[in-house]
Amino acid sequence: MNLANLIKISDYLWEIPMSTKPGMKVPARIFASKKLLREMDDGVFDQITNVTFLPGLVGAALAMPDAHWGYGAPIGAVFATDPKAGGVISPGAVGFDINCGVRLITTDLTEEEVRPKIVRLVDQLFEKIPTGVGARSFLHLNEHEFKELMVEGAAWVVNKDFGRPEDLRAIEEGGKIAGANPAMVSKKALERGQAQLGTLGSGNHYLEVQVIQEIFDEEEAKRWNLKKGQVAVMVHCGSRGFGHQIATDYLKIFEETMPKYKIRVPDPQLAAAPFDSPEGKAYFGAMAAAANNAFANRELITHRIREVFAEVFGKSDTELGMELVYDVAHNIVKLEKHQLTAYSEPQTAEENTVSRTPLAVRQLVVHRKGATRSFPGQPVIIGGSMESGSYLLVGTEDALKLSFGSTAHGSGRTMSRAAAKRQVRGEKLQQELEKRGIYIRTTSMPGLAEEAGLAYKNISEVVEVVHNANLSKKVASFAPIGNIKG
Amino acid sequence: MTYRFLEDIATADVAFEAEGKTLEELFSSGAQALEEVQVSTPGVEERLSETIKLESTSPDNLLFDFLNELVFLKDAKQLVFSKFNIKIYRDKDVWKLEAAANGETLNPQKHELRTDVKAVTKHKFGIKKTDGGYKATVVLDV
Numbered sequence: 017m018n019l020a021n022l023i024k025i026s027d028y029l030w031e032i033p034m035s036t037k038p039g040m041k042v043p044a045r046i047f048a049s050k051k052l053l054r055e056m057d058d059g060v061f062d063q064i065t066n067v068t069f070l071p072g073l074v075g076a077a078l079a080m081p082d083a084h085w086g087y088g089a090p091i092g093a094v095f096a097t098d099p100k101a102g103g104v105i106s107p108g109a110v111g112f113d114i115n116c117g118v119r120l121i122t123t124d125l126t127e128e129e130v131r132p133k134i135v136r137l138v139d140q141l142f143e144k145i146p147t148g149v150g151a152r153s154f155l156h157l158n159e160h161e162f163k164e165l166m167v168e169g170a171a172w173v174v175n176k177d178f179g180r181p182e183d184l185r186a187i188e189e190g191g192k193i194a195g196a197n198p199a200m201v202s203k204k205a206l207e208r209g210q211a212q213l214g215t216l217g218s219g220n221h222y223l224e225v226q227v228i229q230e231i232f233d234e235e236e237a238k239r240w241n242l243k244k245g246q247v248a249v250m251v252h253c254g255s256r257g258f259g260h261q262i263a264t265d266y267l268k269i270f271e272e273t274m275p276k277y278k279i280r281v282p283d284p285q286l287a288a289a290p291f292d293s294p295e296g297k298a299y300f301g302a303m304a305a306a307a308n309n310a311f312a313n314r315e316l317i318t319h320r321i322r323e324v325f326a327e328v329f330g331k332s333d334t335e336l337g338m339e340l341v342y343d344v345a346h347n348i349v350k351l352e353k354h355q356l357t358a359y360s361e362p363q364t365a366e367e368n369t370v371s372r373t374p375l376a377v378r379q380l381v382v383h384r385k386g387a388t389r390s391f392p393g394q395p396v397i398i399g400g401s402m403e404s405g406s407y408l409l410v411g412t413e414d415a416l417k418l419s420f421g422s423t424a425h426g427s428g429r430t431m432s433r434a435a436a437k438r439q440v441r442g443e444k445l446q447q448e449l450e451k452r453g454i455y456i457r458t459t460s461m462p463g464l465a466e467e468a469g470l471a472y473k474n475i476s477e478v479v480e481v482v483h484n485a486n487l488s489k490k491v492a493s494f495a496p497i498g499n500i501k502g
Numbered sequence: 190m191t192y193r194f195l196e197d198i199a200t201a202d203v204a205f206e207a208e209g210k211t212l213e214e215l216f217s218s219g220a221q222a223l224e225e226v227q228v229s230t231p232g233v234e235e236r237l238s239e240t241i242k243l244e245s246t247s248p249d250n251l252l253f254d255f256l257n258e259l260v261f262l263k264d265a266k267q268l269v270f271s272k273f274n275i276k277i278y279r280d281k282d283v284w285k286l287e288a289a290a291n292g293e294t295l296n297p298q299k300h301e302l303r304t305d306v307k308a309v310t311k312h313k314f315g316i317k318k319t320d321g322g323y324k325a326t327v328v329l330d331v
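Line order of the protein sequences matches chains A and B. With the working numbering applied, the first sequence covers 17 to 502. With the working numbering applied, the second sequence covers 190 to 331.
In short, the hints are calculated from the structure, not lab data. Backbone N, C-alpha and C define an ideal beta-carbon position, used for all residues, glycine too. Each hint should be verified, as a subset may be incorrect.
Derived pair list, reagent style BS3-like, types lysine-lysine, alpha-carbon separation capped at 27 angstroms [unchecked claim]:
#	chain 1	residue 1	chain 2	residue 2
1	A	Lys-144	A	Lys-444
2	B	Lys-281	A	Lys-268
3	A	Lys-268	B	Lys-318
4	A	Lys-133	A	Lys-331
5	B	Lys-313	A	Lys-276
6	B	Lys-272	B	Lys-324
7	A	Lys-41	A	Lys-353
8	A	Lys-268	B	Lys-242
9	A	Lys-268	B	Lys-313
10	B	Lys-272	B	Lys-285
11	A	Lys-133	A	Lys-244
12	A	Lys-297	A	Lys-41
13	A	Lys-204	B	Lys-285
14	A	Lys-203	B	Lys-266
15	B	Lys-285	A	Lys-203
16	A	Lys-297	A	Lys-163
17	A	Lys-204	A	Lys-268
18	A	Lys-204	B	Lys-276
19	B	Lys-318	B	Lys-281
20	B	Lys-266	A	Lys-144
21	A	Lys-268	B	Lys-317
Cβ-Cβ distance ranges computed for the label pairs, FRET-style [claimed, not checked]:
#	chain 1	residue 1	chain 2	residue 2	range
22	A	Ala-20	B	Gly-322	42 to 48 angstroms
23	A	Asn-21	B	Gly-232	45 to 51 angstroms
24	A	Glu-448	B	Glu-239	38 to 44 angstroms
25	B	Glu-235	A	Glu-327	38 to 44 angstroms
26	B	Glu-239	A	His-160	25 to 31 angstroms
27	B	Thr-211	A	Ile-23	49 to 55 angstroms
28	A	Asn-158	B	Asp-280	33 to 39 angstroms
29	B	Arg-279	A	Leu-155	41 to 47 angstroms
30	A	Glu-327	B	Gly-322	54 to 60 angstroms
31	A	Glu-335	B	Thr-294	38 to 44 angstroms
Could you build the full structure based on these sequences and the hints that come with them?
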């Protein structure tokens, strides 16, 4: 990205002023180091400035350090609208994979205990958790049950004894977004969803067995019983075909009905409607159903993980610990109350000194696309490529003021899938990784090549930015030792 | 029936350009490309035939809906296809498609699985007339 159009606010925050592009209603801001900003694609600039055209935006449209271009809004976009000011909701600013998210489960096992059994462990996980193209659910819910699950989310799964009640406290929104409305979900979405409950997807989705490599914050690490050398599991997946269909359905509806509200956006994929419109309410109801499906999905997968660990290590899963640290969404739109300070109102670069006079608390429609909630004290999981490892961080008070309580979600791609496949052969990569101590099972060798580490940004750089910008603070890093992918 | 994958359009996803002398051939090429993203289609036998009937306001939207229907069938019924018999016609202001998609149920033991398609996007989507007929650019979210 060309830095000439940006104003530096701090080493980690840059602004694109409203004067940059006719039609901008608020500024855009990007959290990034100079290096990451230079490497960021121009699509981020185009798309985050397009977001500022939307009615009812509060403060600035934000992009996280792992941002790259997407459909409508870039991946890494965060913005909030005020329904009372005609604020909109936009499916393209959530993403096709509604509530794609990640969860972290710790165990009481050490690397020394797990390494000798890693092959059997990963092979069993690969067998027991349906993965890849067309993977079928191991549950058979009828329509009524599935609609219950759309409303109840992870709680539905726990109530059927496929999870632990205490898990719910460790999931964003308790694993249940209020306002889910099955009547707003199409028959097609239902059919796709019923077939795929409890399946791990493909592409950049994964289930990874990891070892805690480094502890950065001893006090925070103690809260979640984290120790160096401890084995953990991270699961990254979303709402599967259910959410994808809902997104497809509503993108079409919004594109067709948007003219009615006299909303004009440079990119039809950013189609939006007022939150308080029939279409806006319908989408939110369906989106919440998809989000709840994803929470339920990750809870079901966790159940299988616990079963496999119990079988491989010959102890019950509770004896092995296997506690859920947290589950966060990173493609979602939420209704959240935010107390705005002067800092979050539109500012020019000259007005850098802010008075922290609190303004009214407002309920806002907060969109996070490839971005994670980062509320004070909340665990934040930022996943890297399958070669680089991942991080656990903790949310901050500053994030509430700076980014509607949001932070980055991952490392973001830098290389196309096609280019990655030209440079890397899946089988060779699998062998190399095994030599490096990472045992991987996949349903697709080309898919594996596409996910090679060289196709991704450096996650440590992304994490350093959010840490230094005070959006979330580092707690621990995790290195992969086993992985299953679709 | 021709298509080629485009490397420079999509970083996180998959893009292709399909061609055909007629709309039917174009749609067939596009469908073949989509299936090829997900599974090695030479390995997909014609064991069943799924009827697809759609109507839309334009050929572009018809293609969009047709490709999304294939994504739907992959998830809802675990079906993948290797051959398409397509008829496209216009009935006043409505564009209609009737197709027989031949293929079989996905079998991980038999088929070489590739990447799951989540959706067809509208990014650079559109049908263009060419000297030889038609071409379309499609970007898939994977």
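Right, here's what the structure says about each hint:
Taken as a hint, the Lys-144 (chain A) and Lys-444 (chain A) pair is honoured in the structure, with Cα atoms around 25 angstroms apart against an allowance of 27 angstroms. For the hint pairing Lys-281 (chain B) with Lys-268 (chain A), the CA-to-CA distance comes to about 23 angstroms; that is within 27 angstroms, so the pair holds. A distance of roughly 24 angstroms separates the Cα atoms of Lys-268 (chain A) and Lys-318 (chain B); the hinted pair therefore holds under the 27 angstroms criterion. Taking the CA atoms of Lys-133 (chain A) and Lys-331 (chain A), the gap is about 14 angstroms. The hint holds against a cut of 27 angstroms.
Distance check on the hinted pair: Lys-313 (chain B) and Lys-276 (chain A) sit about 24 angstroms apart at the alpha-carbon level, within 27 angstroms; holds. With a C-alpha separation of about 19 angstroms, the suggested pairing of Lys-272 (chain B) with Lys-324 (chain B) holds against the 27 angstroms cut-off. Using a Cα cut-off of 27 angstroms, the hinted pair Lys-41 (chain A) and Lys-353 (chain A) holds, with the two alpha carbons roughly 22 angstroms apart. A threshold of 27 angstroms between alpha carbons decides the hint, and for Lys-268 (chain A) with Lys-242 (chain B) the separation of about 19 angstroms falls inside it, so the pair holds.
With a C-alpha separation of about 16 angstroms, the suggested pair Lys-268 (chain A) and Lys-313 (chain B) falls inside the 27 angstroms cut-off, and the hint holds. The straight-line distance between the Cα atoms of Lys-272 (chain B) and Lys-285 (chain B) is roughly 19 angstroms, inside the 27 angstroms bound, and the hint therefore holds. Only pairs whose Cα atoms come within 27 angstroms are accepted, and Lys-133 (chain A) paired with Lys-244 (chain A) is accepted, the gap being roughly 19 angstroms. The straight-line distance between the Cα atoms of Lys-297 (chain A) and Lys-41 (chain A) is roughly 24 angstroms, inside the 27 angstroms bound, and the hint therefore holds.
Restraint check for Lys-204 (chain A) and Lys-285 (chain B): the C-alpha separation of about 20 angstroms stays at or below 27 angstroms, so the hint holds. Annotation: proposed proximity of Lys-203 (chain A) to Lys-266 (chain B) holds, straight-line Cα distance about 14 angstroms (limit 27 angstroms). At most 27 angstroms may separate the alpha-carbon atoms for a hinted pair to count; Lys-285 (chain B) and Lys-203 (chain A) meet this at roughly 22 angstroms. Pair hint Lys-297 (chain A) plus Lys-163 (chain A) holds up; C-alpha atoms about 18 angstroms apart against a cutoff of 27 angstroms.
Among the hinted pairs, Lys-204 (chain A) with Lys-268 (chain A) is consistent with the structure: their alpha-carbon atoms are about 14 angstroms apart, no more than 27 angstroms. In summary, the hint linking Lys-204 (chain A) to Lys-276 (chain B) is supported, as the alpha carbons are separated by about 23 angstroms, within the 27 angstroms threshold. With a C-alpha separation of about 21 angstroms, the suggested pair Lys-318 (chain B) and Lys-281 (chain B) falls inside the 27 angstroms cut-off, and the hint holds. Proximity of Lys-266 (chain B) to Lys-144 (chain A) is assessed by CA-CA distance (about 21 angstroms); at most 27 angstroms being required, the pair is judged to hold.
Using a Cα cut-off of 27 angstroms, the hinted pair Lys-268 (chain A) and Lys-317 (chain B) holds, with the two alpha carbons roughly 21 angstroms apart. The hinted range of 42 to 48 angstroms is satisfied by Ala-20 (chain A) and Gly-322 (chain B), whose Cβ atoms lie roughly 44 angstroms apart. Evaluation of the 45 to 51 angstroms hint for Asn-21 (chain A) and Gly-232 (chain B) yields a pass: the beta carbon distance comes to about 50 angstroms. The supplied range of 38 to 44 angstroms is met by Glu-448 (chain A) and Glu-239 (chain B), whose beta-carbon atoms lie about 41 angstroms from each other.
Range check, Glu-235 (chain B) to Glu-327 (chain A): about 41 angstroms between beta-carbon atoms, so the 38 to 44 angstroms window is met. Distance hint for Glu-239 (chain B) and His-160 (chain A): a CB-CB separation of about 27 angstroms, consistent with the stated range 25 to 31 angstroms. Distance hint check for Thr-211 (chain B) and Ile-23 (chain A): the Cβ-Cβ separation is about 53 angstroms, which falls inside the suggested range of 49 to 55 angstroms. A C-beta distance of roughly 38 angstroms is found between Asn-158 (chain A) and Asp-280 (chain B), which places it inside the suggested range of 33 to 39 angstroms.
Separation of Arg-279 (chain B) from Leu-155 (chain A) is about 44 angstroms and conforms to the stated range, judged on CB atoms against 41 to 47 angstroms. A beta carbon spacing of about 57 angstroms between Glu-327 (chain A) and Gly-322 (chain B) agrees with the range 54 to 60 angstroms that was offered as a hint. About 40 angstroms separates the C-beta atoms of Glu-335 (chain A) and Thr-294 (chain B), a value consistent with the hinted range of 38 to 44 angstroms.
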